[in-house]
Amino acid sequence: MPEKTMRDAINEALHQAMEQDDSVFVIGEDVAGCNGSAGDVGSVGGVFGVTSGIYNRWPDRCVDTPISESAIVGAAAGAALVGMRPVAEIMFADFIGVCMDQIVNQMAKFRYMFGGKSRCPAVIRFSAGGGFSAAGQHSQAMYQVMTSFPGLKVVVPSNAYDAKGLLLTAIQDDDPVLFFEPKVLYQETAEVPDEMYTIPFGQANFVREGDDVTVVAFGQMVPKAAAAIDALAAEGISCDLIDPRTTSPLDEAAILESIGATGRLVVVDEAPPRCGLTADIAGLAADKAFSSLKGPIKQVCAPHSPTPFSPELEAAYLPDADKITAAIKATLA
Amino acid sequence: MSISKESLLHAYRTMKTIREFEERVHAEIMNGQIPGFTHLYTGQEANAVGVCAHLDESDTIISTHRGHGHCIAKGADVSGMMKELFGSSEGLCKGKGGSMHVADIDKGILGANGIVAGGPPISVGSALAAKIRKNGKVAVSFSGDGSVNQGTCFEAMNMAVVLQVPAVFVIENNYYSEHTHIDYAVGCNDLKARTEAFGFPVFVADGADFFAVHEAAGKAIAHARAGNGPAGVFAEQGRYHGHFVGDPQSYRGEGELEDLRENHDPLKVFRQHMATSGDLSEAELDAIDAEVMAEIEHSVVDAKAAARPTPDQVTADVYIQYGATA
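Quick mapping for you: the protein sequence lines, in order, are chains A and B. The letter at position 140 of the first sequence is residue 139 when you use numbering that gives the first Met the number 0, and the numbering goes up by one with no holes. The letter at position 322 of the second sequence is residue 321 when you use numbering that gives the first Met the number 0, and the numbering goes up by one with no holes.
Treat the hints with care, since some could be wrong.
[Stated by the list, open to error] Below, computed lysine to aspartate or glutamate pairings styled on EDC-like, alpha-carbon distance capped at 16 Å:
{"hint": "1", "chain 1": "A", "residue 1": "K116", "chain 2": "A", "residue 2": "D59"}
{"hint": "2", "chain 1": "B", "residue 1": "K4", "chain 2": "B", "residue 2": "E195"}
{"hint": "3", "chain 1": "A", "residue 1": "K328", "chain 2": "B", "residue 2": "D76"}
{"hint": "4", "chain 1": "B", "residue 1": "K130", "chain 2": "A", "residue 2": "E256"}
{"hint": "5", "chain 1": "A", "residue 1": "K116", "chain 2": "B", "residue 2": "E195"}
{"hint": "6", "chain 1": "A", "residue 1": "K293", "chain 2": "A", "residue 2": "E256"}
{"hint": "7", "chain 1": "B", "residue 1": "K133", "chain 2": "A", "residue 2": "D21"}
{"hint": "8", "chain 1": "B", "residue 1": "K218", "chain 2": "B", "residue 2": "E195"}
{"hint": "9", "chain 1": "B", "residue 1": "K130", "chain 2": "A", "residue 2": "E251"}
{"hint": "10", "chain 1": "A", "residue 1": "K116", "chain 2": "B", "residue 2": "E283"}
{"hint": "11", "chain 1": "B", "residue 1": "K267", "chain 2": "B", "residue 2": "E253"}
{"hint": "12", "chain 1": "A", "residue 1": "K328", "chain 2": "A", "residue 2": "D173"}
Keep in mind the hints are simulated off the structure, nothing from the lab. Given the structure is predicted, the values throughout are model-derived calculations rather than measurements.
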């Protein structure tokens with residue numbers, strides 16, 4: 000099976016969805032690029048190159064916009080309400096701060112407020128997360144915030160294979176979907192089939208299987224947790240590593256089943272701790288698996304601080320394999 | 000522009016329906032029968048009806064918090080709306096939306112909207128869909144003089160020009176954004192010129208006069224429908240009620256409301272036109288009045304008798320499908 004980067008896997012999913020269904024279109028800042036300039040229109044394909052080549056094949060369905068995040072999300076929501084399947088790109092998840100109303104007060108609530116009589120099959124893609132020394136306004140995960148809003152589905156792929164299958168599911172889904180792409184993973188490769196395939200929402204992936212500790216990790220924390228767990232095998236410690244893949248819906252059953260078997264839980268996310276996914280999963284375990292737990296739950300996440308710029312500071316800020324290892328050992332102490 | 004007798008009858012009936020709907024809703028709120036926050040459109044009927052006269056069901060509108068009039072003008076079921084305002088599960092939105100979220104997608108009503116200027120970006124999306132599909136449809140967004148100061152409105156207007164989509168921006172100046180006058184809140188003294196500076200034509204109308212709005216909206220909608228990009232309508236007309244029902248309206252000048260009701264009443268102005276032209280007789284108009292009064296009375300009786308929602312419906316319709324999709 001061919002190896003592809005996560006960027007190429009997402010790009011391939013977009014091309015295949017566009018080819019299959021002419022109601023699919025992409026919209027965002029520089030998704031084509033160079034409009035109105037001396038350069039070749041379409042030569043940018045998004046700042047991370049994820050929409051590369053789409054304009055060249057479907058110029059009418061590759062819509063470059065001004066820097067207007069509210070209008071981008073609103074346009075996607077409105078087009079979806081009348082039957083299109085837009086895939087909008089918001090360059091950085093942090094820019095949700097600019098367009099949050101259109102996401103949480105508009106597209107998330109149409110169906111409910113309209114008594115179940117509307118569909119809003121829009122996908123909003125974001126680059127997300129830290130690791131680029133991009134500082135406080137270009138490094139946030141944000142998916143943990145958006146998970147709290149009913150009406151939205153929230154996807155966080157951790158590898159190229161999942162990214163393609165989950166994006167194709169997202170585009171076919173009739174509810175609004177937020178799709179967060181950990182940007183440090185764009186260049187990471189995995190085996191990715193050429194043909195179209197989908198991965199169901201709400202179905203966690205068991206990345207590793209073991210007996211001693213349940214580790215739940217999200218997005219770019221999944222490969223870090225896998226590295227920690229693989230190293231611990233030499234010490235005779237084996238762990239379940241669960242990648243929920245979608246934070247809404249969440250595969251509670253998989254997590255609870257694993258805790259039932261191991262009795263120990265470590266939850267890993269790159270976002271700060273308050274009202275985040277690690278607390279959410281810890282709460283789930285305390286509520287529904289308390290009698291299975293053999294000791295305290297450990298949360299591994301960023302501190303209650305903005306993301307710093309300096310590489311040394313960001314390395315200290317983000318969870319890494321060492322912190323995950325320490326947490327796993329702490330549950331066994 | 001000549002308007003058929005059938006269209007004139009429909010226009011008057013629709014304006015009268017909006018008027019009586021709103022006045023009855025006001026009364027029912029004061030009686031404690033309708034919960035929540037409600038914003039009435041009374042006095043501005045000619046705007047909604049003059050614009051929507053040019054639209055068919057597959058053209059879209061998106062409205063505001065003051066949305067009852069727009070929805071009725073676009074064809075929303077009056078009885079379903081009344082039930083919705085009463086919070087019945089038989090309401091147009093099953094009692095999930097209420098006054099600020101009346102919607103009927105099948106009739107091209109993309110919703111009233113509780114967020115000021117929440118609508119224009121969404122309307123640009125509907126217009127973009129029309130452009131991609133090349134189906135000749137237009138997307139109309141209604142905004143007030145308060146809404147046009149929101150960044151989302153600026154973004155939507157600029158993007159509509161950049162993308163050359165058939166979006167029509169209807170700006171209804173009722174002089175007050177909540178409790179603050181336009182002379183304070185719009186920093187320049189010429190809102191029409193400011194809007195046109197985005198790069199599209201804006202057609203001005205007296206918002207008390209259905210025929211003026213009809214003509215201006217006709218030009219704007221024809222411009223957009225012909226593929227010339229967005230256009231605007233700017234109509235001035237005060238509202239008869241407060242920002243919300245219960246607003247003490249301390250911002251009103253002496254005699255202001257009386258002047259509005261006496262000298263700027265779209266229904267009276269329409270009747271004056273008919274008296275001059277002879278297109279519709281007084282008897283025909285009176286008959287419509289009686290029919291509308293009966294329809295509104297009927298809708299209230301039905302709404303009061305309609306089924307109430309049950310707690311099991313709280314979590315219905317959040318998603319089309321949620322949970323594992325194996």
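Restraint status (C-alpha distance of A/K116 to A/D59 at most 16 Å): Since the Cα atoms of A/K116 and A/D59 sit roughly 29 Å apart, the hinted pair is violated (cutoff 16 Å).
For B/K4 and B/E195, compute the direct alpha-carbon distance and say whether it is at most 16 Å. At roughly 34 Å apart (the allowed maximum being 16 Å), B/E195 and B/K4 break the hint.
For a C-alpha distance cap of 16 Å, please report whether A/K328 and B/D76 respect it. violated (64 Å)
For a C-alpha distance cap of 16 Å, please report whether A/K328 and A/D173 respect it. violated (43 Å)
Take the C-alpha atoms of A/K116 and B/E195, compute the straight-line distance between them, and say whether it is at most 16 Å. violated (36 Å)
Could you grab the alpha-carbon distance between B/K130 and A/E251 and see if it respects the 16 Å cut-off? violated (43 Å)
Please verify whether A/K116 and B/E283 have alpha carbons no more than 16 Å apart. violated (37 Å)
Pair hint outcome, B/K267 versus B/E253 [Cα-Cα no greater than 16 Å]: Judged against 16 Å, a Cα distance of about 22 Å means the pair is violated.
A/K293 paired with A/E256 [C-alpha distance capped at 16 Å]: holds (15 Å)
With the threshold set at 16 Å, check whether the alpha-carbon distance from B/K130 to A/E256 stays at or below it. violated (50 Å)
So if I understand the rule, the pair passes when the alpha-carbon distance is 16 Å or less; does B/K133 with A/D21 pass? holds (13 Å)
Pair hint outcome, B/K218 versus B/E195 [Cα-Cα no greater than 16 Å]: holds (15 Å)
Of the numbered hints stated above, those contradicted by the structure are hints 1, 2, 3, 4, 5, 9, 10, 11 and 12, listed in ascending order.
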